[in-house]
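Taking the hints into account, I'd like the entire structure generated from these sequences.
Line by line, the protein sequences are chains A and B.
For the first sequence, our numbering assigns the number 233 to the last residue and increments by one with no breaks.
For the second sequence, our numbering assigns the number 109 to the last residue and increments by one with no breaks.
It is possible that part of the hints are untrue.
From the derived model, a few chain B residues whose C-beta atoms are all more than 12 Å from chain A [said to hold, decoys possible]:
hint, residue
1, 17
2, 19
3, 43
4, 44
5, 51
6, 63
7, 66
8, 87
9, 92
10, 98
11, 102
Think about it this way: if two alpha-carbon atoms lie no more than 30 Å apart in a straight line, the pair counts; the simulated DSSO-like pairs of lysine-lysine are [claimed, not checked]:
hint, chain 1, residue 1, chain 2, residue 2
12, B, 84, B, 66
13, B, 66, B, 4
14, B, 42, A, 56
15, B, 80, A, 20
16, B, 66, A, 85
17, A, 85, B, 87
18, B, 16, B, 32
19, B, 16, A, 98
20, B, 34, A, 76
21, A, 218, B, 32
22, A, 215, B, 84
23, A, 215, B, 74
24, B, 80, A, 56
25, B, 87, A, 215
26, B, 54, A, 76
27, A, 215, A, 85
28, B, 74, A, 18
29, B, 58, A, 215
30, A, 69, B, 80
31, B, 58, A, 85
32, B, 16, B, 83
33, B, 4, A, 224
34, B, 83, A, 218
35, A, 85, A, 56
36, B, 83, A, 224
To be clear, the hints were calculated from the coordinates, so they are not data collected in a lab.
Think of the CB as a built atom: it goes at the ideal place given N, C-alpha and C, for glycine as much as any other residue.
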Amino acid sequence: MSIELSNQQIENLFAFVKEKYVRYIDVQYELVDHLATAIEEEMNQDDQLSFEAALKEVYARFPITGFDKFLREKEKAMISYWRRKIGSIIMQYLSLPKLVMTMMLLVLYGTLTSIHSKWSLGLCFTLCIAALIYSLFFINNGSNNSTSNYLVLQKFNQISGGGTLALLPLCFANVLPSFNSLSPLMFTSWQFYLVTLFCTISTVLVHASIFEFPKIIKQEIDNKYAHLNIKLA
Amino acid sequence: MNSKLLRGSLETIVIKLLSDNAEMYGYEITQKVKEITSGELKLTEGALYPTLHKLEGKGILSVETKSIGNRNRKYYSLTKSGKKELKQQMSDMESYIANMILLLNPKLD
Chain A
1 MSIELSNQQI ENLFAFVKEK YVRYIDVQYE LVDHLATAIE EEMNQDDQLS FEAALKEVYA
61 RFPITGFDKF LREKEKAMIS YWRRKIGSII MQYLSLPKLV MTMMLLVLYG TLTSIHSKWS
121 LGLCFTLCIA ALIYSLFFIN NGSNNSTSNY LVLQKFNQIS GGGTLALLPL CFANVLPSFN
181 SLSPLMFTSW QFYLVTLFCT ISTVLVHASI FEFPKIIKQE IDNKYAHLNI KLA
Chain B
1 MNSKLLRGSL ETIVIKLLSD NAEMYGYEIT QKVKEITSGE LKLTEGALYP TLHKLEGKGI
61 LSVETKSIGN RNRKYYSLTK SGKKELKQQM SDMESYIANM ILLLNPKLD
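Right, dumping it as structure tokens:
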């Protein structure tokens, strides 16, 4: 009869991987299954082999740095995965039907900036900033205290949260100095086009953050991580 | 076997195995390689898992987690892009092997 590890031995493996600095729960599950399967095989081949001795043998097959390389590669792969997925969501805004919304935003911001006054530019930025604040503080894409315990959530938040913030300073770099002076705005046309473009991109990213990103993270958790019982906030 | 030679072929090996088997888990892949090559090639965990994660990140492999007794197991399978990638990788590998044979066994006139 083939040996199967007991629940206690599985718990011991979880404790083992945690001791080896694997803090992500989703990664722990992956490693524990691998270790357990390999240990069972070792113990089935040599029935004198104890669980502890089998674990030592199996762990020795990993590099000298233990699970460090496994973790680093997993982190890189997860970032690549979310970049690809989130990238494909953003690209939807450049094709129908979402392209309609993108074009309407371009027209809106283009109209405002074409007035060539400080108040119209101020209105553009107010709209962008308000949407950004709303997305940052009132929409929760699964972030809660336990997000950092799961690699899938941590990297999702890292990739989905960065884009919008990165764009806003670019808008201000062009415009802020002009607001300090009493003289009229001395902007060239291309600067107005740039502001129009940046405000549109920023609003698209905020829209995606509010309406699309929560859906994809929920789908990911339901499809691949249901066994972890992760509660998205 | 020279591990550097093996490392360069890992992606092709994983993609080929998964094209022949609907789904496999990590440890199963290491054992399959050992079985097919009668122990000549040994995939270590340190080599296999980074490859699996990289291929998953690229969208070439998809993952499903299943409950197996008192634990959960990740099964890997090829996506549509993975099947396309297989054709490319097999073609590249055949070409590489043919060229290596030419280089290492030149015909004497």
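For this session: Measure nothing beyond the straight line between the CA atoms of residue 66 of chain B and residue 4 of chain B; if it is 30 Å or shorter, mark the hint as holding.
Result: Not OK: residue 66 of chain B and residue 4 of chain B at ~34 Å, beyond 30 Å, violated.
Problem set entry | residue 66 of chain B remote from chain A - nearest C-beta pair above 12 Å | Check fails; 9 Å does not lie beyond 12 Å.
For this session: Confirm or reject the statement that residue 51 of chain B sits farther than 12 Å, beta carbon to beta carbon, from all of chain A.
Result: Label violated. Min Cβ-Cβ 9 Å, cutoff 12 Å.
Exercise. Between residue 87 of chain B and residue 215 of chain A, is the straight-line Cα distance small enough, at 30 Å or below?
Worked result: Answer violated: residue 87 of chain B to residue 215 of chain A is near 33 Å, above 30 Å.
Problem set entry | Holds or violated: residue 16 of chain B to residue 32 of chain B, with C-alpha atoms at most 30 Å apart | Measuring from Cα to Cα gives roughly 12 Å; hence the hint holds.
Exercise. Given the hint that residue 218 of chain A pairs with residue 32 of chain B, does the C-alpha gap stay at or below 30 Å?
Worked result: violated (34 Å)
Problem set entry | Pair hint residue 69 of chain A and residue 80 of chain B, alpha-carbon separation not exceeding 30 Å | Given that 30 Å is the threshold and the Cα spacing comes to 29 Å, the pair holds.
Exercise. So is residue 44 of chain B really clear of chain A, every C-beta pair being over 12 Å apart?
Worked result: violated (6 Å)
Problem set entry | Holds or violated: residue 58 of chain B to residue 85 of chain A, with C-alpha atoms at most 30 Å apart | holds (10 Å)
For this session: Decide if the proposed pair is consistent with the structure: residue 54 of chain B and residue 76 of chain A, CA atoms, cutoff 30 Å inclusive.
Result: holds (8 Å)
Problem set entry | Restraint status (C-alpha distance of residue 80 of chain B to residue 20 of chain A at most 30 Å) | Cα-Cα ~36 Å, so violated.
For this session: With 12 Å as the threshold, tell me whether residue 43 of chain B passes as away from chain A on beta-carbon distances.
Result: violated (10 Å)
Of the numbered hints listed earlier, those contradicted by the structure are 3, 4, 5, 6, 7, 13, 15, 19, 21, 24, 25, 33, 35.
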